[in-house]
Amino acid sequence: MAAKGFIKLLEIAERSKQKGLGLLGQGGDAWTGVGFTLAGQHFLAPIGEVAEILKVPRYTMIPGVAGWMKGLANVRGRLLPIMDLLAFLNRRSTLQGQRKRILVIDHEEIFSGLIVDEVLGMQHFPAAEYKSTVSGVFPEIAPYARGGFERDGKVWYVLLMSRLIEDPRFLKASAA
1 MAAKGFIKLL EIAERSKQKG LGLLGQGGDA WTGVGFTLAG QHFLAPIGEV
51 AEILKVPRYT MIPGVAGWMK GLANVRGRLL PIMDLLAFLN RRSTLQGQRK
101 RILVIDHEEI FSGLIVDEVL GMQHFPAAEY KSTVSGVFPE IAPYARGGFE
151 RDGKVWYVLL MSRLIEDPRF LKASAA
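Mind the numbering: the sequence shown is residues 1 to 176 in UniProt numbering, read in order.
Bear in mind the hints are in silico, worked out from the structure with no lab data behind them. Don't take each hint at face value.
With a straight-line Cα cutoff of 27 Å, these simulated DSSO-like cross-link-like pairs (lysine-lysine) come out [what the hints assert, rightly or not]:
hint : residue 1 : residue 2
1    : 100       : 154
2    : 55        : 172
3    : 55        : 100
4    : 154       : 131
5    : 131       : 55
None of the values given here were measured: they were computed from a predicted structure.
Kindly produce the complete structure, drawing on both the sequences and the hints.
Pasting the structure below:
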């Protein structure tokens with residue numbers, strides 16, 4: 001009985017993920033995402049694409065992998081690959097340790113933790129203010145960005161984690 005309810009919740013979550021991005025700029029009341037910074041720029045991850053936010057946990061380094069693949073952490077009995085998002089993009093962080101966080105992505109069969117400079121919490125924007133084209137995002141991340149919002153003179157770029165984790169470079173963390 002409980003399994004049927006859980007399966008129904010998974011189906012609802014999947015439909016929400018599929019429909020959520022299509023609502024950008026098409027009216028509606030509000031758009032909500034997880035706000036974070038990378039290299040001094042503000043980003044938003046669609047709420048359905050971030051499973052959890054963690055402090056950077058202790059992790060075990062793995063030999064023979066790309067430099068941006070930091071290691072594996074045990075998070076509640078599940079192995080979480082830890083990746084430095086800025087290093088993957090060939091950029092350097094402007095912040096040091098204490099404010100860094102992990103965005104946990106659990107998309108289809110990919111379970112990964114992405115290190116970001118700082119998490120700014122849930123951000124809400126009027127959906128009508130979504131702009132499908134915004135300029136100024138650093139070029140290495142542009143293929144994964146999709147429009148954004150402006151608030152108080154700052155651009156908040158929408159970063160599609162689903163697009164990022166499907167990149168063949170991301171999927172091949174070996175240093176070979």
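Each hint, compared with the structure:
Among the hinted pairs, residue 100 with residue 154 is consistent with the structure: their alpha-carbon atoms are about 21 Å apart, no more than 27 Å. Straight-line distance between C-alpha atoms of residue 55 and residue 172 comes to about 25 Å, which keeps the hinted pair within the 27 Å bound. Pair hint residue 55 plus residue 100 holds up; C-alpha atoms about 7 Å apart against a cutoff of 27 Å. A C-alpha spacing of about 13 Å is found between residue 154 and residue 131, which places the hinted pair at or below 27 Å, so the restraint holds.
Distance hint between residue 131 and residue 55 is unfulfilled; the C-alpha atoms sit about 31 Å from each other, more than 27 Å.
Hint check: a violation occurs at hint 5 only; the rest are consistent with the structure.
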